[in-house]
Amino acid sequence: MEVFSGSILGRQGGAQGKPLRELSKNMRERFEPVVDYAVKRIIYGDGTIKTITDLDDLYDVPAERELEALPRAIACFKVAVEEAGWVDRQAGEMKSFAYVAMRVCLQELQRWRITTMGAFSMPRIDG
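Sequential numbering from 17 applies to the sequence shown in the working numbering.
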């Protein structure tokens, strides 16, 4: 959510100027690798992340994802919601980790449903 602040602030005074647009683009470019790293760390765990040198190597490494990814994602989301996040003096509290953790929870829940239950959709409930 912090990444979109440049765009939102730029619209208050009319059209977004070039310096603000450049700053917003720079923020997005810097934010995406951080989110990618956080997602991979939630999915694959600390042990696996510490053994690799490049995130692209994760596709070749046998990992504990099968059993641990969903519980780890739920734990990360719980911590993100219940505990205060990192606070910057100028920007305030960073809140986007909860959204990132929730995305991983939903992704892993869907993956678990497909691999464990063989279901691509929710069961129908008549009543």
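Since the hints were made in silico from the structure, they are not lab data. Glycine residues also receive a C-beta, built at the ideal position from the N, C-alpha and C atoms. Check the hints yourself; a few may be wrong.
[Said to hold, decoys possible] Restraint ranges, calculated between C-beta atoms of paired labels, are given here:
id, residue 1, residue 2, range
1, LYS34, LEU83, 20 to 26 Å
2, TYR53, ARG127, 16 to 22 Å
3, VAL95, GLY33, 19 to 25 Å
4, MET118, LEU71, 20 to 26 Å
5, ASP62, VAL97, 46 to 52 Å
[Stated by the list, open to error] Each computed PhoX-like pair below joins lysine-lysine, with the alpha-carbon atoms no more than 20 Å apart:
id, residue 1, residue 2
6, LYS111, LYS56
7, LYS66, LYS94
8, LYS66, LYS111
9, LYS66, LYS56
Worksheet item: Of the hints given before, which are not true for this structure?
Response: 1, 3, 5, 7 and 8
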